[in-house]
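There are 2 protein chains.
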Amino acid sequence: MPDVIAAVGDAYRAYSGGDVDQPPYMGIHLSTDAAEIDFKAGYHRSGELVSLKASSGGFRHNPDRFGLPNGMGTVLLFDGQNGALTCVMDGSLLTGFRTGASGAIAVQALARPGACRLAAIGTGNQARMQIRAIREVMQIESIHAWGRSPEGAQAFAAEIEAEFGISVVCATSAEQAVAEADVVITTTRASGVVLQDGWLRPGTLVVAIGADQPGKQELDPELFRDARVVVDAAAQCREKGEVQHALKAGIVAEPLVEIGEVLLDRKPGRESDDQIVIFDSTGMAIQDNATAAALLRLARERGIGTSFDFLAPAK
Amino acid sequence: MPDVIAAVGDAYRAYSGGDVDQPPYMGIHLSTDAAEIDFKAGYHRSGELVSLKASSGGFRHNPDRFGLPNGMGTVLLFDGQNGALTCVMDGSLLTGFRTGASGAIAVQALARPGACRLAAIGTGNQARMQIRAIREVMQIESIHAWGRSPEGAQAFAAEIEAEFGISVVCATSAEQAVAEADVVITTTRASGVVLQDGWLRPGTLVVAIGADQPGKQELDPELFRDARVVVDAAAQCREKGEVQHALKAGIVAEPLVEIGEVLLDRKPGRESDDQIVIFDSTGMAIQDNATAAALLRLARERGIGTSFDFLAPAK
Numbered sequence: 001m002p003d004v005i006a007a008v009g010d011a012y013r014a015y016s017g018g019d020v021d022q023p024p025y026m027g028i029h030l031s032t033d034a035a036e037i038d039f040k041a042g043y044h045r046s047g048e049l050v051s052l053k054a055s056s057g058g059f060r061h062n063p064d065r066f067g068l069p070n071g072m073g074t075v076l077l078f079d080g081q082n083g084a085l086t087c088v089m090d091g092s093l094l095t096g097f098r099t100g101a102s103g104a105i106a107v108q109a110l111a112r113p114g115a116c117r118l119a120a121i122g123t124g125n126q127a128r129m130q131i132r133a134i135r136e137v138m139q140i141e142s143i144h145a146w147g148r149s150p151e152g153a154q155a156f157a158a159e160i161e162a163e164f165g166i167s168v169v170c171a172t173s174a175e176q177a178v179a180e181a182d183v184v185i186t187t188t189r190a191s192g193v194v195l196q197d198g199w200l201r202p203g204t205l206v207v208a209i210g211a212d213q214p215g216k217q218e219l220d221p222e223l224f225r226d227a228r229v230v231v232d233a234a235a236q237c238r239e240k241g242e243v244q245h246a247l248k249a250g251i252v253a254e255p256l257v258e259i260g261e262v263l264l265d266r267k268p269g270r271e272s273d274d275q276i277v278i279f280d281s282t283g284m285a286i287q288d289n290a291t292a293a294a295l296l297r298l299a300r301e302r303g304i305g306t307s308f309d310f311l312a313p314a315k
Numbered sequence: 001m002p003d004v005i006a007a008v009g010d011a012y013r014a015y016s017g018g019d020v021d022q023p024p025y026m027g028i029h030l031s032t033d034a035a036e037i038d039f040k041a042g043y044h045r046s047g048e049l050v051s052l053k054a055s056s057g058g059f060r061h062n063p064d065r066f067g068l069p070n071g072m073g074t075v076l077l078f079d080g081q082n083g084a085l086t087c088v089m090d091g092s093l094l095t096g097f098r099t100g101a102s103g104a105i106a107v108q109a110l111a112r113p114g115a116c117r118l119a120a121i122g123t124g125n126q127a128r129m130q131i132r133a134i135r136e137v138m139q140i141e142s143i144h145a146w147g148r149s150p151e152g153a154q155a156f157a158a159e160i161e162a163e164f165g166i167s168v169v170c171a172t173s174a175e176q177a178v179a180e181a182d183v184v185i186t187t188t189r190a191s192g193v194v195l196q197d198g199w200l201r202p203g204t205l206v207v208a209i210g211a212d213q214p215g216k217q218e219l220d221p222e223l224f225r226d227a228r229v230v231v232d233a234a235a236q237c238r239e240k241g242e243v244q245h246a247l248k249a250g251i252v253a254e255p256l257v258e259i260g261e262v263l264l265d266r267k268p269g270r271e272s273d274d275q276i277v278i279f280d281s282t283g284m285a286i287q288d289n290a291t292a293a294a295l296l297r298l299a300r301e302r303g304i305g306t307s308f309d310f311l312a313p314a315k
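Taken in sequence, the protein lines are chains A and B. Heads up: the first sequence begins at 1 in my numbering, then just goes up one per residue. Heads up: the second sequence begins at 1 in my numbering, then just goes up one per residue.
Simulated from the structure, these hints should not be mistaken for lab results. Even for Gly, the Cβ is constructed at its ideal location relative to N, Cα and C. Worth double-checking, as some hints may not be accurate.
[As the list claims (entries may be wrong)] Just some of the chain A residues that point at chain B, by a computed CB distance under 10 Å:
#1 K40
#2 A41
#3 G203
[Unchecked claim] Far from chain A, some chain B residues (derived; all Cβ distances over 10 Å):
#4 P24
#5 D90
#6 T172
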């Protein structure tokens with residue numbers, strides 16, 4: 001995780017520094033259910049590395065029918081100097097890690113000094129990943145959790161306590177969960193307000209992970225009015241991020257500040273200890289690129305993987 | 001090659017039969033030379049198979065600098081029922097084969113009965129592939145070849161004679177090469193007229209492979225005036241195919257006839273023995289899809305390949 005956090009920080013800096021090309025993604029809608037497979041490519045110019053991630057999602061009968069998760073991923077890396085395929089790796093766990101790492105980067109850059117109380121709105125896999133990542137950069141003293149399913153929240157609490165020895169309180173409402181938080185992470189699939197304006201203490205950082213498509217929403221747009229807003233990619237968040245709703249409502253105005261600009265010291269992040277800060281994460285191909293590159297480097301160092309020569313003449 | 005020809009015929013029928021989804025391709029321009037990496041996806045609905053081909057091209061210093069070809073390819077197949085990655089295979093040789101097979105399908109469907117004399121305009125790798133494919137469906141008695149480089153044409157002639165025992169005459173001009181031909185295959189990288197109107201005998205089939213991008217051109221648009229025109233994909237040929245120029249000049253009118261429609265008996269192909277027929281091939285993702293599926297089936301039958309379990313938990 002520390003390697004992935006470093007890679008995602010590099011990715012944000014490269015993106016906002018103009019060192020990245022990410023064409024619009026290519027998607028295919030399958031006949032099965034409402035499933036789809038998307039292809040996202042990213043080019044890190046100075047690193048001379050091109051990545052392609054294939055992500056499937058929405059195969060809701062996979063667990064029953066095939067014993068497979070409802071979404072999977074595959075990442076390819078290509079050498080930008082000669083176009084050669086460098087590696088193929090699983091992209092499922094990688095996506096979970098790099099998305100978790102985005103929360104850690106946000107906490108590092110944007111949380112109030114001394115922040116130690118976390119609230120998790122949403123208690124699925126990505127909530128677990130956020131905690132795995134954030135604990136690398138923040139001393140977590142307590143976690144208050146709330147999710148639509150009380151059983152899901154209980155399972156989350158038990159797992160986090162067992163894995164990290166951090167006490168988790170299952171809140172009876174989202175409002176109660178966030179009441180004392182320094183950092184709130186939202187990882188639901190909601191398409192409506194889950195977190196109301198007025199619930200947060202001054203100085204709270206909200207890491208908004210859930211909204212990454214038009215129509216998806218977790219936060220009350222009013223929450224943006226007096227908050228400092230930082231996004232991962234302005235072009236993408238405008239259309240698909242949590243901020244889409246506050247922009248439409250005229251509560252937030254462009255230009256949007258990118259986390260890469262904050263990391264590069266080109267724009268301020270948090271402006272005071274009392275300011276509420278919202279980080280809007282939609283996920284970018286360059287995060288996959290940088291994370292896959294880090295994993296490949298580690299795999300090579302440790303002798304993990306299998307080598308192929310696709311160009312060898314057939315027998 | 002017979003398996004690939006069968007697969008490409010199936011691909012054409014599936015495409016024109018409305019059983020295919022091919023989103024616009026996604027491309028990345030590299031800092032190196034004028035190189036690029038493109039990603040083309042195709043979905044064969046009833047076959048429940050999704051393909052993704054990554055193709056690099058334009059790395060002109062690759063042979064010198066890296067001992068690599070200036071373009072390479074990789075194909076992934078995904079199971080459309082669950083989104084799982086089914087296989088990864090080289091896509092370089094596959095592309096050559098499936099493009100060659102398109103010529104064979106055209107000859108099978110559109111050549112004059114008794115056709116036996118071939119002319120090759122362009123003498124590179126794809127000219128060789130065309131002959132490898134066409135000889136599976138036509139008794140080739142003679143080949144007249146012409147290319148910009150006389151040395152290239154001589155090498156081509158020597159290789160074809162050695163590989164297939166078919167005599168090849170190196171013509172001194174394109175006009176001379178095509179004078180007696182029943183089938184003319186054009187595989188150059190030209191962006192201007194190589195084949196003039198008035199040079200062909202009645203009844204000749206022209207397999208136009210070279211033009212697959214806006215601006216590329218091999219044929220005199222006037223050649224289309226009295227010819228029967230058949231394309232691989234109307235939506236694509238309109239923009240990128242040989243027919244783009246004749247359409248712009250108002251010589252050809254829409255709707256364009258697709259080879260898949262001819263194979264499905266929905267539209268006529270050749271209408272008389274004396275008619276000049278032009279087949280405009282731009283290449284489609286579904287050809288990669290169908291060819292890769294055929295290769296995977298053969299590989300499984302023969303126990304070729306290496307198995308992975310990307311989803312196995314890491315140790």
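Hints the structure fails to honour: 3, 4 and 5
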